[in-house]
Amino acid sequence: MLLLLVLPFLAMAAWEVPGLLRKKLWPELAVFFMVWLLGFVLSLLLAVGVELPTPTDGIEYLIKQAANVLPGGVK
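Numbers 45 to 119, taken from the numbering used here, label the letters of the sequence shown in order.
Among the clues, some could well be false.
[To be verified] For each label pair, taking beta carbons as the anchor points, the in silico distance ranges come out as:
| # | residue 1 | residue 2 | range |
| --- | --- | --- | --- |
| 1 | Val61 | Ala111 | 38 to 46 Å |
| 2 | Leu51 | Gln109 | 38 to 46 Å |
| 3 | Lys68 | Val94 | 31 to 39 Å |
| 4 | Arg66 | Lys108 | 41 to 49 Å |
| 5 | Lys108 | Met45 | 21 to 29 Å |
| 6 | Val92 | Leu114 | 36 to 44 Å |
| 7 | Val113 | Val61 | 22 to 30 Å |
| 8 | Glu104 | Leu47 | 35 to 43 Å |
| 9 | Pro99 | Trp70 | 23 to 31 Å |
| 10 | Leu114 | Arg66 | 35 to 43 Å |
| 11 | Leu46 | Ile103 | 28 to 36 Å |
Just so you know, the hints here were simulated from the structure itself, not pulled from any lab data.
From the three backbone atoms N, C-alpha and C, an ideal C-beta is built for every residue, glycine too.
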């Protein structure tokens, strides 16, 4: 099962990275690698059955923290 996950990610990297290296697009390569790695790790965690938190929880936490910083707070 993990092979079905790894192969598409390797194919994606094999398709994109040589062109970025050839054109010396270093910032784009760095962003590609970070997004690719994030996608791979999240997919791998889901594939092995780890329950991931929803992004809504994190956004809600950030909004509450920002509201505490504002004068008077948000009610």
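Evaluated hints:
1. Val61 - Ala111: 38 to 46 Å: Holds, since Val61 and Ala111 (Cβ atoms, about 42 Å apart) stay within the stated range.
2. Leu51 - Gln109: 38 to 46 Å: Given range 38 to 46 Å: holds, Cβ gap about 41 Å.
3. Lys68 - Val94: 31 to 39 Å: For Lys68 and Val94 the Cβ distance comes to about 37 Å; the hint holds.
4. Arg66 - Lys108: 41 to 49 Å: With Cβ atoms ~47 Å apart, the hint holds.
5. Lys108 - Met45: 21 to 29 Å: With a Cβ separation near 38 Å, Lys108 and Met45 fall outside 21 to 29 Å, so the hint is violated.
6. Val92 - Leu114: 36 to 44 Å: Since the Cβ atoms of Val92 and Leu114 sit about 41 Å apart, the hinted range of 36 to 44 Å holds.
7. Val113 - Val61: 22 to 30 Å: 41 Å, violated
8. Glu104 - Leu47: 35 to 43 Å: At 37 Å between Cβs, range holds.
9. Pro99 - Trp70: 23 to 31 Å: Distance hint for Pro99, Trp70 holds at roughly 29 Å.
10. Leu114 - Arg66: 35 to 43 Å: 49 Å, violated
11. Leu46 - Ile103: 28 to 36 Å: The hint (28 to 36 Å, Cβ to Cβ) holds, given that Leu46 and Ile103 are roughly 31 Å apart.
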